[in-house]
Structure formats: C-alpha cells, structure tokens
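Undergrad: The hints should help you fit chain F onto chain X, whose structure is shown.
From first to last, the protein sequence lines are chains X and F. In case it helps, our numbering puts the first sequence at residues 106 to 358. In case it helps, our numbering puts the second sequence at residues 3 to 212.
Keep in mind that the hints were calculated from the coordinates and are not lab data. In this text the structure is predicted, and so the values were computed from the model without any measurement. All C-beta atoms, glycine included, are put in the ideal place defined by N, C-alpha and C. Possibly wrong hints are sitting among the right ones.
[Unchecked claim] Partial selection, computed: residues in chain X whose CB lies under 7 Å from chain F:
#1 R110
#2 C177
#3 R178
#4 D205
#5 G273
#6 D281
#7 S302
#8 P304
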Amino acid sequence: MRHSRTRIIARIDVKNEFVIKGIHLEGLRKVGNPVELARKYYQQGVDEILFMDAVASLYGRNNLFHIIEQACREVFIPITIGGGLRSVEDIDLALKSGADKISINTQAIKEPTLITRAAEMYGSQAVVASIEAKNKGSWWEAYTDNGREETGLNVVEWAKEVERLGAGEILLTSVDMEGTKKGFDLELAEQVYNAVSVPVIFSGGAGQPDHVLALADRINPDAVAFASILHYNTFGIQELKQNLNAAGMDIRM
Amino acid sequence: MKTIAVLDYGIGNVRSQLNALEAVGARGILTNNHDEILGADAVILPGVGAFRHGMENLEKHNLISVIHEYIRTGKPFLGICLGMQLLFEESDEFGHSKGLGLVAGKIQKLPLPADGGLRLPHIGWKEIDEFENGGWADSILETTKPHSAFYFVHSYAAVPASSDTWLAKATFGEHTFCCAVKQGNIFGTQFHPEKSGESGLQIIKKFTEI
Numbered sequence: 106m107r108h109s110r111t112r113i114i115a116r117i118d119v120k121n122e123f124v125i126k127g128i129h130l131e132g133l134r135k136v137g138n139p140v141e142l143a144r145k146y147y148q149q150g151v152d153e154i155l156f157m158d159a160v161a162s163l164y165g166r167n168n169l170f171h172i173i174e175q176a177c178r179e180v181f182i183p184i185t186i187g188g189g190l191r192s193v194e195d196i197d198l199a200l201k202s203g204a205d206k207i208s209i210n211t212q213a214i215k216e217p218t219l220i221t222r223a224a225e226m227y228g229s230q231a232v233v234a235s236i237e238a239k240n241k242g243s244w245w246e247a248y249t250d251n252g253r254e255e256t257g258l259n260v261v262e263w264a265k266e267v268e269r270l271g272a273g274e275i276l277l278t279s280v281d282m283e284g285t286k287k288g289f290d291l292e293l294a295e296q297v298y299n300a301v302s303v304p305v306i307f308s309g310g311a312g313q314p315d316h317v318l319a320l321a322d323r324i325n326p327d328a329v330a331f332a333s334i335l336h337y338n339t340f341g342i343q344e345l346k347q348n349l350n351a352a353g354m355d356i357r358m
Numbered sequence: 003m004k005t006i007a008v009l010d011y012g013i014g015n016v017r018s019q020l021n022a023l024e025a026v027g028a029r030g031i032l033t034n035n036h037d038e039i040l041g042a043d044a045v046i047l048p049g050v051g052a053f054r055h056g057m058e059n060l061e062k063h064n065l066i067s068v069i070h071e072y073i074r075t076g077k078p079f080l081g082i083c084l085g086m087q088l089l090f091e092e093s094d095e096f097g098h099s100k101g102l103g104l105v106a107g108k109i110q111k112l113p114l115p116a117d118g119g120l121r122l123p124h125i126g127w128k129e130i131d132e133f134e135n136g137g138w139a140d141s142i143l144e145t146t147k148p149h150s151a152f153y154f155v156h157s158y159a160a161v162p163a164s165s166d167t168w169l170a171k172a173t174f175g176e177h178t179f180c181c182a183v184k185q186g187n188i189f190g191t192q193f194h195p196e197k198s199g200e201s202g203l204q205i206i207k208k209f210t211e212i
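With the rest of the complex left out, here is chain X (with noise of 0.2 Å):
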C-alpha cells in the first residue's frame, strides 16, 4: 500500500566556495554559486535542501557553516548538511549555524554511537546516516569519504544498524549511478528501503520523471534527491513535479 507523499530534494555538492557535480562523486565541476542555488531552488518550490561538503572527509572538516548561515537568511525550509561531521562539536556547529539536519557517513563507520549521542542530544529527526553504495555483484558495500574508502560493510545490513543506533533518516547514494542521469539503481533501492522502518532519501542517477516513476513502481520512496538536472537546468522543480504529479505520485505542488 502506498500513502506516503514523496519529498523533492535539492542535493547540492559544495567543494570550497563552489557547488560541483561530477560523475560517480568523482571529476568535480564546477556548475555554481551554493546560496544561489539554494534560494533558486527555494522559490522554485523545492521541499528541502541538502548541502555536501564534497571534499570535507579529505581534509577532515566541514567548510560549510558560513554558506549554511548566509542560505538559512532567506531559504526558509529544511536544510541538511553533511560532509566531514566528525564530533558531537562538529554536530552541534552544524545546527547552530542553521541547518535542521546533520548526515553523516565516514565519521558514522569509524565510530557508530556518534549516531547515538547525536539523536539523544538533538533527536533522532536531526540525524540523517548517509550511506554510499558500490555493486560488488550480489552485494553492495559501503564506502566512506565520498566514494573513496571501501569499508567491507553490507549496505543493507548497515543501514538496519544505523537505524538500531537511533538514525531517523538514511540518505542512500549510489555511488554507480550518481551523475550518470541513467536512473536509481532500484534492486539497491528496493532492498534498503524494505529492510529499514525509517525513512530513506534516495540519491544518485535520476535524469528524468521517468527514473522517479521507475523507482515509485517498486517501492514508495519518502523522499528523491536530484542535483545534475538542477543544476544544468534540465528541469525545474515545478516541470519536475508536475510530471511526477500527473503520473500519480503523490507530491507537494
């Protein structure tokens, strides 16, 4: 049975000052500015905002907390932030500084009841665990520092864990889809969205209406991140709802 209505989520990839894109989280460009995205996307309709720090793992910190600030002026919905959280101080930085939400990956592996003292310090509702997804063949492991680091992990058993720990999100990426605009990988979808109760944002590969609608056939996603028809301007979030719309799903108009 299907009731949940599905979130629009604007996913924007920040390295230094600038929003990136690139393919499998790898060959970074740069496509702009990320407050202006954000408040595009904002008066655009957009449901809710996610901030990566895509380089932040590689230098151990999280460069985000000023764009944060300055986008929490004038964009006046949820806001996610993630990228290079490595603390309970880091965490705390994060929401104060405006975000709504934190994500967080390799820090998460390293150390799980980070997961657990975040949610019993802001609530389970601020704490997003991103997981990022490699097909091995009849499994998909988990990597840690966008897409770098493999782990030995099996997705759908870690994000059972990240759950058990006190997550009340899962941001799952698929690190063989992000950027290709060819789709979601769905058996990845369809196994993590059935093993967990929590919700789960999907991410990496949608290009199109269509590759929602593949994914809305199979489960019913409670939220959809979309970055490179954003920010390349292939569709804007009204064209992209209303498509989703007219073919059924429920959707915030």
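TA: For chain F alone, kept in the frame of chain X given last:
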C-alpha cells in the same frame, strides 16, 4: 519594532526562528532571562526531539515558572513542534511524562496502519485545514489559506481534551490529528512555520502582529 523572545533551553533550531522573525520585520532575541521574557511583546517556545528531554531542559534552565507567569500577562505565546506538545498535560512518549499543563489534553503516538504503507517519524509537507469553519479568525492562521501545506517532523501529536482548543487539523494516512491549538493568548503549531516557506512566514508575521 516588536521584540519576540525565543526561549533558549538548548533545544531546537533557534537560528531559523530568529531568521524567520527578522524576515517578517520583528526583532527576535534568544533568551532565558526572566526580565527579557516577561518584557517581550510575544514569546516563542521552539523545540524538536523527545518530550521528556524537553521538559527536563525547561526545568534545567529554570523556565517553567516564568512561562506560567508570562502567560498570565495575556501577551501572545507560541509553541512550535515539541514546543506545542509541551503545552499539554502529559505525553506517552518513553513511558509517561508531565508537561506544562497549560492546555488540557495529552500527547500520543501517531497510529501506523497495519499495511505498512506509512513510516515514522512523519516527515514532510502536509496540508492543514480548519477544525471548524471560520475558526481561524482572530488567530495566527487568520491570513492562512485553508489547505496550505506546512512542514512536519514528528512521531507524536496532541489530543486536546476539548475541541474548543483545536485550531487546525491534518492527516497522517487515514488518521486526523490536531496540528494547531489556540486557547486565549496561547497558540501552538505541530508543524514548523519557520521551515514552511512563504505560508509559514505569514503565520509568524501574523503572530507578531497579535
């Protein structure tokens, strides 16, 4: 310019509350100072997360008696999300916890349908409607168009003891729940007006003008 005190008890995205107040032309101050609270033109109790944690933090910051004292001044008070839930007498979350007891009723978990088609927490945008026709006059929702959508993040919702305090309703699957309350100078919204775009800012603006 009106001064709105946003209660500082270590909980909630207060930066967004202050930004929203600034956007509608009010001055927001983050405070737990009793004189500043009692002297403000209006007070907002923000909050996300667990009910008991919220009450414990209000106690820790010595805010409970001053909230009651402020309410008696008759000036407007707005509880948002957990801040609305704390207005009630009690909650079932993690056993049983007592709330501020300003509004009669309790907080209960949203019911999940047996077919597994819904998930908690309930996260996302949902339309709200009048509980009774015309009920939004003289309230923070006076300028809100019925069936506008607002952003929700919650697993629990208020069950007011009296329908007189129900201001607005929304649905979770087939279940209708109370998403805004009004009792005299006390208002509460389960959704986040500060995170609900222009429609949300309109509510904050209306609140600062009451």
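Undergrad: Return the numbers of the hints above that this structure violates; sort them in rising order.
TA: 6
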